[in-house]
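*Asks:* One letter stands for each residue in the lines below.
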Amino acid sequence: MSTFRIPGKGRVDSTKPVQFLFNGKTYAGFEGDTVASALLASGVHLVGRSFKYHRPRGILSAGSEEPNALLGIDHGPGRVEPNTRATVIEISPGLKTISQNHWPSLERDVGAINDVLYMLFSAGFYYKTFMWPKSFWNKVYEPIIRGTAGLGKSPIVPDPDIYASRFAHCDVLVVGAGPAGLAAALDAGRSGAKVLLVDEQAELGGSLLSETDAGVDGMTGWAWLKASVDELAGMSNVTLLPRTTAIGYYHQNFVGLCQRITDHLASAPEGTPRERMWKVRAKQVVLAQGAIEKPLVFDGNDRPGVMLAGSARSYLNRYGVKVGDSPVVVTSHDSAWLAAFDLARAGVKVAAIIDIRPAVPEHLTTSASALGIEVLLGWTVTGTKGRLRISSLRAKPIDGGVAQAREFACDALLMSGGWNPSLHLFSHTQGKLEWREDAQVFLPAKHIEQSRCAGAGNGNFGLAKVLAEGAEAGVAAATDAGFSGTVSAYTVSDELDMTGVSSRELPTDKNPSTAKAFVDFQNDVTAKDIRLAVREGFKSIEHIKRYTTTGMATDQGKTSNINGLAIAADAVQRQAPAVGLTTFRPPYTPTTFGAFAGYSRGGLFDVTRKTAIDAWAQERGAVFEPVALWRRAWYFPKPGEDMHAAVARECKATRDSLGIFDASTLGKIEIVGPDAAEFLNRMYTNPWSKLQPGRCRYGVLLGEDGFIRDDGVIGRLTTDRFHVTTTTGGAARVLNMMEDYLQTEFPDLKVWLTSTTEQWSVIAINGPNARNLLAPLIEGIDLSEEAFPHMSVATGRICGVPTRLFRMSFTGERGYEVNVPARYGRAIWEKLIAEGQAYGITPYGTETMHVLRAEKGYIIVGQDTDGTLTPDDAGLGWAIGKAKADFVGKRSLARPDMLKADRKQLVGLLTADPKVVLEEGAQIVLDPNQSVPMKMVGHVTSSYWSVSLGRSIALAVIEGGNARMGETVHIPMPDGTLRAEVTGTVFVDPENTRLSA
Amino acid sequence: MLLIRCPYCEAERPEVEFTYGGQAHIARPQNPSATTDDEWRDFLYIRANPRGIHYERWRHMHGCGRFFNAVRDTVTDKFVMTYKAGLPRPDQAELEAARS
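Line by line, the protein sequences give chains A and B. In the working numbering, each residue carries its 1-based index in the first sequence increased by 8. In the working numbering, each residue carries its 1-based index in the second sequence increased by 45.
If you are wondering where the hints come from, they were derived from the structure by calculation, not from laboratory data. Careful, some of the hints might be misleading.
[As the list claims (entries may be wrong)] What follows is a list of derived Cβ distance ranges for each label pair:
| hint | chain 1 | residue 1 | chain 2 | residue 2 | range |
| --- | --- | --- | --- | --- | --- |
| 1 | B | Met-126 | A | Pro-682 | 30 to 40 Å |
| 2 | A | Thr-499 | B | Met-126 | 43 to 53 Å |
| 3 | B | Tyr-53 | A | Asp-650 | 33 to 43 Å |
| 4 | A | Asp-905 | B | Pro-95 | 27 to 37 Å |
| 5 | B | His-107 | A | Gly-804 | 33 to 43 Å |
| 6 | A | His-455 | B | Thr-80 | 48 to 58 Å |
| 7 | A | Ala-367 | B | Asn-94 | 51 to 61 Å |
| 8 | A | Pro-682 | B | Asn-94 | 34 to 44 Å |
| 9 | A | Lys-908 | B | Glu-55 | 45 to 55 Å |
| 10 | A | Thr-499 | B | Pro-95 | 48 to 58 Å |
| 11 | B | Thr-80 | A | Phe-604 | 42 to 52 Å |
| 12 | A | Arg-174 | B | Gln-68 | 34 to 44 Å |
Each residue gets a CB set at the ideal place from its N, CA and C atoms; glycine is no exception.
With the hints as constraints, model all of the structure from the sequences given.
*Replies:* In structure tokens:
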């Protein structure tokens, strides 16, 4: 089948055949082939349909710049990736590849109708056509256009592969292992510097892999390449990373590398990551990214079989594949002539070399004539023919001249518009570019980072110059990194000096309105589109880019940006540097989400914090909910119970006898020092100086803006030691805020802050039998009402282990919070469960905790408050130390807006229908008959079924709520408007008799 | 990812160890009750948004835990220098020295 393979040519291993599938058909290639080279070896050029017009497209290039040959690859279930470039995917046994964006088939695609309707799809078409009738855009036009436009399909099942990531540090990072990069790495490596050499290709060597003419130091290019790679591989201070793309260059020489590890393997050991993201911090960077060949812009330049001349040369010399039997070359640069010569020497009949220049170096015409190739100077291609592959082209003198147009039959057209330095990584650093009028290229000028450019990427073409500059850059980088070395000299033989000119779109003799000369192949942008955008008033290259979408496809305009710029500059009648380039953004080539995510997926996506008692809850079948980073037991269903039934049972058991709750997630901060009380005075709204050791107080923390930030019970253990509790989610935030004030505003205070959240397990015991359970188990603390009243704290022992015992309540029942060192948490919990059987002890979860606290009107910061509530708004005015001169947020409470009567205030709501439980977040209106949009005066913040009351209860914030007690408000819902009465926030035991019952 | 020099640890560390703390050199009034509503509003909410040199607070959150001040160029994102909390704003000469 490989009729286009030339035996003995190329670097592929013809002893190792590899079979793979393309659109269900088996193709054969060799180890070392890409999908593109293997398909070309079988004579396949047609590999896809274009984005907008569904035009047949072939393989344009031989590298990562490929805009056309995008395939879906399939390595098995879940291992499906769309839009991969056939020119970089290595073939492996059993690899399945499919073409994209066509229906019903690649060869017969209904969407190709768009190519005939091209006038509807000109630049910015979505602003102009398909506008009538207006209602059709959303429902008809857009879905159809989105359905037919586009690339491959996203995978729909989870990716089973694993992705790795790592950090690395080095002295010299060399990006690109072509001749410049190799020379840099060799000299830097010999200096002893720690060197990383990366290249996106499977094999190191870059342009040398496709070069068969020139020799180095008396060796062939390939022999020198092997010797160099062998030497580098032998240096312990050098790491070689093929198949690794430098995707982005960030601040302070931080470079992201994506290494592809398993895709090219038939099978990999279990557990091998598919890709690895390297995050490299390099002392010095050498950018040797090379150059990308520019297409020529002429009518029909996108037909399958039309490709870059340098790429055709790569397919021949590197892969041993001739891209056609009767190719023609069209060029403005000498290098394309070499492709023609190499093909002719390999036995291919090259029909003609068409060069748009009126004169070329004599050695080219001499060689062409020796090889029997017809040469047309000052001519151009004005059009191509062939439905699924080029079959002929039409050529004319470029100046229109008198000569008759000529038709050439051909099966491939090799084009070159010259070479453009790859500036991507340099430009990621915001390095300044400089326009070189003679070469019509932008080159790196001022470096922002510790970096150097070398080789073709720096505008220096030709092996001798490239090796010299690479070696210099390698030594200079090593020197700046603290090493010293000598610059190696290289002798290059048999190298030709390459010259060329740059062009805009080439003339056509076709009706200009139907000519399609493509600039951006992937996004189907033509030269005409760019000129139209300029005529319509777009002058900035950034606007032209977005209006025409040129350079915005997945290839980011690697082959199109400079042609687009030249045409735009011509249209706005300015010089290219005045028009400027669009911004280069990482990643250099499309990068998988997996590589970015690395290990951070599934169970490792985020931390799941678990308490010491968590496993007990799991063993008992608890249902969990996430609270901040914690997972907390939500409720403990018994067989047959749903959440409602379980919560009702847990609530009743706690109010009737005894409930037990894991409160370990509460934030805990130990505040110690002679000024601890003064520090708390300044931070919290409440007064702390007179709080006696052994007593607790509910504290409210405001931001400096006067709004509630956090709350919690604070116990004073000794005069200089406080045990502060915070909300579960607020712990880190509160400690940060305290540290901020202590370090920067109150540095004179002698106070130390320590997070103790994870040092204590906290077991809340609530209910009328709470003391009965604890009393026999506690040593060293008198639990009598007189000695240990509500809001007390003491240290002692429980079941023999140390405890800080709090008497406090978040349920309205008699309550204790048993703090024990976390390592004893589960043992004490289990002991309490065992001893509590006598009282029907019932473990309850966060849902029951929420219901019980809401029945008492205890707020949850972040649920009943939202960062706009003051203590007064939340009914906590009593917690403000009125006599204190200052505390964080105090001044803000006196701002005019804070004193308004119509502020949203926290109230209770009782629905007219006691069976209806309001939806949390539901909006509240005063007049249900007003027209839409209604004036919303507040919303429901908490809402539950109260088993104690046999009815629903809710908390809400309502404008001027305190003055609306007894009024009826309305809650419009999708299926009708509900009524509720505004009440106080305490629904159960307003006299607080149960706290000491 | 930026490298940030912690003036307390006297070492460069990656950005992930640090958290941003807003504009620097905004001292809390000694006696807030004595401020006018406008003065207090300015203290609470009015912040600079310069193009170029910006004085900022950072915290070496996952290191020594200290808050410190930094001069950063908002155009290049780069840190010009960092200094301990409580020290005065560096003058032009110090900035030039740090940049060279």
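*Asks:* Lying within 51 to 61 Å: is that true of the beta-carbon distance A:Ala-367 to B:Asn-94?
*Replies:* 58 Å, holds
*Asks:* Starting from the hint 27 to 37 Å, judge whether the C-beta atoms of A:Asp-905 and B:Pro-95 obey it.
*Replies:* Distance hint for A:Asp-905, B:Pro-95 holds at roughly 29 Å.
*Asks:* Taking the beta carbons of A:His-455 and B:Thr-80, is their distance inside 48 to 58 Å?
*Replies:* 49 Å, holds
*Asks:* Just to be sure I understand the hint, the distance between the Cβ atoms of B:His-107 and A:Gly-804 should be within 33 to 43 Å; is that true here?
*Replies:* 36 Å, holds
*Asks:* Go ahead and decide if the range 45 to 55 Å is satisfied by the Cβ distance of A:Lys-908 to B:Glu-55.
*Replies:* 51 Å, holds
*Asks:* Holds or violated: the 42 to 52 Å window for the beta-carbon distance between B:Thr-80 and A:Phe-604?
*Replies:* 48 Å, holds
*Asks:* Is it true that the C-beta distance of B:Met-126 to A:Pro-682 lies inside 30 to 40 Å, as the hint says?
*Replies:* At 35 Å between Cβs, range holds.
*Asks:* Determine whether the Cβ-Cβ distance between A:Arg-174 and B:Gln-68 falls within the hinted range of 34 to 44 Å.
*Replies:* 36 Å, holds
*Asks:* Mind checking the hinted window 34 to 44 Å against the Cβ distance between A:Pro-682 and B:Asn-94?
*Replies:* 41 Å, holds
*Asks:* Holds or violated: the 33 to 43 Å window for the beta-carbon distance between B:Tyr-53 and A:Asp-650?
*Replies:* 55 Å, violated
*Asks:* Taking the Cβ atom of A:Thr-499 and the Cβ atom of B:Met-126, is their distance within the range 43 to 53 Å?
*Replies:* Since the Cβ atoms of A:Thr-499 and B:Met-126 sit about 49 Å apart, the hinted range of 43 to 53 Å holds.
*Asks:* Should the hint that A:Thr-499 and B:Pro-95 are 48 to 58 Å apart at their CB atoms be regarded as holding?
*Replies:* 56 Å, holds
Violated hint for the displayed structure: number 3, the only one.
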